[in-house]
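S.K.: Spelled out from the first residue to the last, the chains are:
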Amino acid sequence: MTSPVGDDDLMAWIDGRLSPERQPVVAAFLSAHPDVRMRLINQGEQARALAAAFAPVAAQPIPAAMRIDAIRERRRRPGWHAALAASLLLAVGYGGGWMSARQFMPASAGIKSLEQEATDNYRVFAIDMPLPGEMRPDNGAGLIRAASVRFGRRVAIPDLRRSGYRYAGGQLVATPHGPAALFFYNGAGSTSVALLTRPMKIDKSAPMAGTRDGDVGRVSWALNGMGYSVVGARSPEALHPIAEEAQRQLSRT
Amino acid sequence: MDALAAAIEPLIPGLRRYALAWTRDAAAADDLVQDCLERAVAGWWRRRGDNVRPWLYAILHNLLVDHGRRQKRRGGMVPIEDVDEAMIGVAPAQEAGLRHGDVLRALDALPVEQRAVLLLVSVEDLSYAEAAAVLAIPIGTVMSRISRGRGRLSAMLAAGDQPQVRSAK
Numbered sequence: 190m191t192s193p194v195g196d197d198d199l200m201a202w203i204d205g206r207l208s209p210e211r212q213p214v215v216a217a218f219l220s221a222h223p224d225v226r227m228r229l230i231n232q233g234e235q236a237r238a239l240a241a242a243f244a245p246v247a248a249q250p251i252p253a254a255m256r257i258d259a260i261r262e263r264r265r266r267p268g269w270h271a272a273l274a275a276s277l278l279l280a281v282g283y284g285g286g287w288m289s290a291r292q293f294m295p296a297s298a299g300i301k302s303l304e305q306e307a308t309d310n311y312r313v314f315a316i317d318m319p320l321p322g323e324m325r326p327d328n329g330a331g332l333i334r335a336a337s338v339r340f341g342r343r344v345a346i347p348d349l350r351r352s353g354y355r356y357a358g359g360q361l362v363a364t365p366h367g368p369a370a371l372f373f374y375n376g377a378g379s380t381s382v383a384l385l386t387r388p389m390k391i392d393k394s395a396p397m398a399g400t401r402d403g404d405v406g407r408v409s410w411a412l413n414g415m416g417y418s419v420v421g422a423r424s425p426e427a428l429h430p431i432a433e434e435a436q437r438q439l440s441r442t
Numbered sequence: 032m033d034a035l036a037a038a039i040e041p042l043i044p045g046l047r048r049y050a051l052a053w054t055r056d057a058a059a060a061d062d063l064v065q066d067c068l069e070r071a072v073a074g075w076w077r078r079r080g081d082n083v084r085p086w087l088y089a090i091l092h093n094l095l096v097d098h099g100r101r102q103k104r105r106g107g108m109v110p111i112e113d114v115d116e117a118m119i120g121v122a123p124a125q126e127a128g129l130r131h132g133d134v135l136r137a138l139d140a141l142p143v144e145q146r147a148v149l150l151l152v153s154v155e156d157l158s159y160a161e162a163a164a165v166l167a168i169p170i171g172t173v174m175s176r177i178s179r180g181r182g183r184l185s186a187m188l189a190a191g192d193q194p195q196v197r198s199a200k
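Residue numbers (our numbering), protein chains in the order written: chain U, 190 to 442; chain P, 32 to 200.
Calculated from the structure, these hints are not laboratory results.
Note that the Cβ used here is the ideal one computed from N, Cα and C, for glycine as well.
Wrong hints could be hidden among the right ones.
[Unchecked claim] Non-contacting residues of chain U with respect to chain P, defined by C-beta distances greater than 12 Å in every case (computed):
{"#": "1", "residue": "305"}
{"#": "2", "residue": "342"}
{"#": "3", "residue": "430"}
[Said to hold, decoys possible] Simulated restraints, written as ranges between beta carbons of each label pair:
{"#": "4", "chain 1": "U", "residue 1": "223", "chain 2": "P", "residue 2": "40", "range": "42 to 50 Å"}
{"#": "5", "chain 1": "U", "residue 1": "224", "chain 2": "P", "residue 2": "179", "range": "29 to 37 Å"}
{"#": "6", "chain 1": "U", "residue 1": "390", "chain 2": "P", "residue 2": "37", "range": "33 to 41 Å"}
{"#": "7", "chain 1": "U", "residue 1": "195", "chain 2": "P", "residue 2": "35", "range": "17 to 25 Å"}
{"#": "8", "chain 1": "P", "residue 1": "99", "chain 2": "U", "residue 2": "213", "range": "39 to 47 Å"}
{"#": "9", "chain 1": "U", "residue 1": "224", "chain 2": "P", "residue 2": "140", "range": "18 to 26 Å"}
{"#": "10", "chain 1": "U", "residue 1": "345", "chain 2": "P", "residue 2": "156", "range": "22 to 30 Å"}
{"#": "11", "chain 1": "P", "residue 1": "76", "chain 2": "U", "residue 2": "212", "range": "27 to 35 Å"}
{"#": "12", "chain 1": "U", "residue 1": "213", "chain 2": "P", "residue 2": "168", "range": "45 to 53 Å"}
{"#": "13", "chain 1": "P", "residue 1": "190", "chain 2": "U", "residue 2": "394", "range": "40 to 48 Å"}
{"#": "14", "chain 1": "U", "residue 1": "206", "chain 2": "P", "residue 2": "139", "range": "45 to 53 Å"}
{"#": "15", "chain 1": "P", "residue 1": "99", "chain 2": "U", "residue 2": "209", "range": "33 to 41 Å"}
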């Protein structure tokens, strides 16, 4: 028995991606439903108009700076990390540069900004894909050293295996409120959470609280002048036990 | 050309197109592509599997989402009239007499997640599975978003529900 025609078949028909088995099924449906066929033809024309609208940029020569060799060359030069940090700030920060950020941010330098920084970083780095990153999981000690020097205090990477999450690497990131360390953890399936930590100028101590930003949950707290935010594509309630496990370990160090 | 350049460079024109379709600001689009490429070079060793294309688009997509959020905070989006004409085709499309401006305005009025799948599938020609990988959503969700996005785009164009309505024949 053939399965009935679905919206997915109709979209594949527009895109010319129907499998050979589905082609006759959809063709029979469309000859019985000329109105649907007309609608699909219109939608196909709109799809082609969309592709045509953006075609010119792809036909242009690419900027020389985008050549892989050029990128490698810049990476080899000293100061590359500073440049990356600056671009990272642009990518994850609030824009407007350091000075304006400092002028307008003092009141928001607390836990609210911390969790937003954690969320933005999570969205950039913790996509469900292999990720770019500087630090291998086995270089945890190097990351701890680098972060500890910048924070002026010893930093620890919590072990969240008891909560079902394995440390998967981390890196230093720039935030409008100074450097922060971002640790990634992989759970079962393709779930991942990240923990962002940085020294706090405001809210040096704050109780654990959960919030949500779209599909990303956050549980954040501050202790002894360090802020922590656990973020992931899960509800704040689901992240709570993970955050508590992290807090338990961090309060001991 | 080495393996990394051979795998990445052919995809750069498409990445620039995707970034421009989101930002409508050629300079900002290229900055984001540059950022994406730097991350790709830095993270090459962490890549799993052979399919570089969805991996690169995913990095760029996340940067674009982030960029969009910041623009929204600042309240700036480039009006279509100000877009660099060399970068976006402004000549009328032959088919159905559709004007690019109308299509782009309708595109802008779509919810972000529908716009993303339409651009990835119709403009970037990614497979449904690749689009699903880029957006980290199930393939069924990709299909329903395309269907809803196309339906909505079509309804807007039919209703002339745009700031500039083209005159009736």
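S.K.: Each hint should be assessed against the structure and marked as holding or not.
M.R.: To see whether the hints hold, each was checked on the structure:
| no. | hint | in the structure |
| --- | --- | --- |
| 1 | 305 | violated, 10 Å |
| 2 | 342 | holds, 27 Å |
| 3 | 430 | holds, 24 Å |
| 4 | U:223 to P:40: 42 to 50 Å | holds, 46 Å |
| 5 | U:224 to P:179: 29 to 37 Å | violated, 19 Å |
| 6 | U:390 to P:37: 33 to 41 Å | violated, 47 Å |
| 7 | U:195 to P:35: 17 to 25 Å | violated, 40 Å |
| 8 | P:99 to U:213: 39 to 47 Å | holds, 42 Å |
| 9 | U:224 to P:140: 18 to 26 Å | holds, 25 Å |
| 10 | U:345 to P:156: 22 to 30 Å | violated, 47 Å |
| 11 | P:76 to U:212: 27 to 35 Å | violated, 42 Å |
| 12 | U:213 to P:168: 45 to 53 Å | violated, 30 Å |
| 13 | P:190 to U:394: 40 to 48 Å | violated, 56 Å |
| 14 | U:206 to P:139: 45 to 53 Å | violated, 26 Å |
| 15 | P:99 to U:209: 33 to 41 Å | holds, 40 Å |
Violated hints for the displayed structure, listed by number in ascending order: 1, 5, 6, 7, 10, 11, 12, 13, 14.
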